[in-house]
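Undergrad: This is what each chain is made of:
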Amino acid sequence: NAGVTQTPKFRVLKTGQSMTLLCAQDMNHEYMYWYRQDPGMGLRLIHYSVGEGTTAKGEVPDGYNVSRLKKQNFLLGLESAAPSQTSVYFCASSYPGYNSPLHFGNGTRLTVT
Amino acid sequence: LAKTTQPISMDSYEGQEVNITCSHNNIATNDYITWYQQFPSQGPRFIIQGYKTKVTNEVASLFIPADRKSSTLSLPRVSLSDTAVYYCLVDVSNYQLIWGAGTKLIIKP
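Chains D and E, in that order, give the protein sequences.
Taking this note's numbering, the leading residue of the first sequence gets 1, the next gets one more, and so forth.
Taking this note's numbering, the leading residue of the second sequence gets 114, the next gets one more, and so forth.
Don't take every hint at face value.
[As the list claims (entries may be wrong)] Estimated spans, in silico, between C-beta atoms of each pair:
#: 1; chain 1: E; residue 1: A214; chain 2: D; residue 2: L22; range: 26 to 32 Å
#: 2; chain 1: E; residue 1: P120; chain 2: D; residue 2: P101; range: 21 to 27 Å
#: 3; chain 1: D; residue 1: D62; chain 2: E; residue 2: N132; range: 22 to 28 Å
#: 4; chain 1: E; residue 1: A179; chain 2: D; residue 2: A82; range: 45 to 51 Å
#: 5; chain 1: E; residue 1: T169; chain 2: D; residue 2: G16; range: 50 to 56 Å
#: 6; chain 1: E; residue 1: F159; chain 2: D; residue 2: T15; range: 35 to 41 Å
Bear in mind the hints are in silico, worked out from the structure with no lab data behind them.
Fair warning: this is a prediction, and the values are worked out from it, not measured in the lab.
In this text, a Cβ means the ideal position worked out from N, Cα and C, and glycines have one as well.
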């Protein structure tokens, strides 16, 4: 049982390049989330999805797009990377319902030069 | 702004009981209190959740007074492997959670 798997683990981009981060979960969770974490700070929600084919904006959505074509996958895209997007990105999933515990992946460390 | 306030850092020693208190003066009627643990280079991991009184599991206990304006995470007999950042969160739904910087707990031998 892998839980939440994120790929890649590390990536270096140049300003203006694009990339897609992949998140996969095998727990049949309805809800999925993308967060970013900057040094010494808590997590900030970028986008989330409450089901296949649906997505919504979180606290810091600008510069990112997402897609949830399959229930088990949640993709985060950066169309034109900027240095301000240098961060660690975490994907999480949960069952629906209030306060169902979040299950996190181990993150993708992205550096934009 | 995070809806919770917790100490930035704490130190303790192996074998001791550690209590981390979180203040949430504006907690709403439907809010739950949830604690997560995060090790370096890993995503946060759920520890415990409660609504009122006391909750205990195999990892920790959570004490919540009647007014629910604070809560205390209790870790019994800590070891070096409990060194981590601990987050206290309150809200009614996961996509409204606001994460603060957490409490960095350092366990010394």
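Undergrad: Which hints from the list above does the structure break, by number from lowest to highest?
TA: 3
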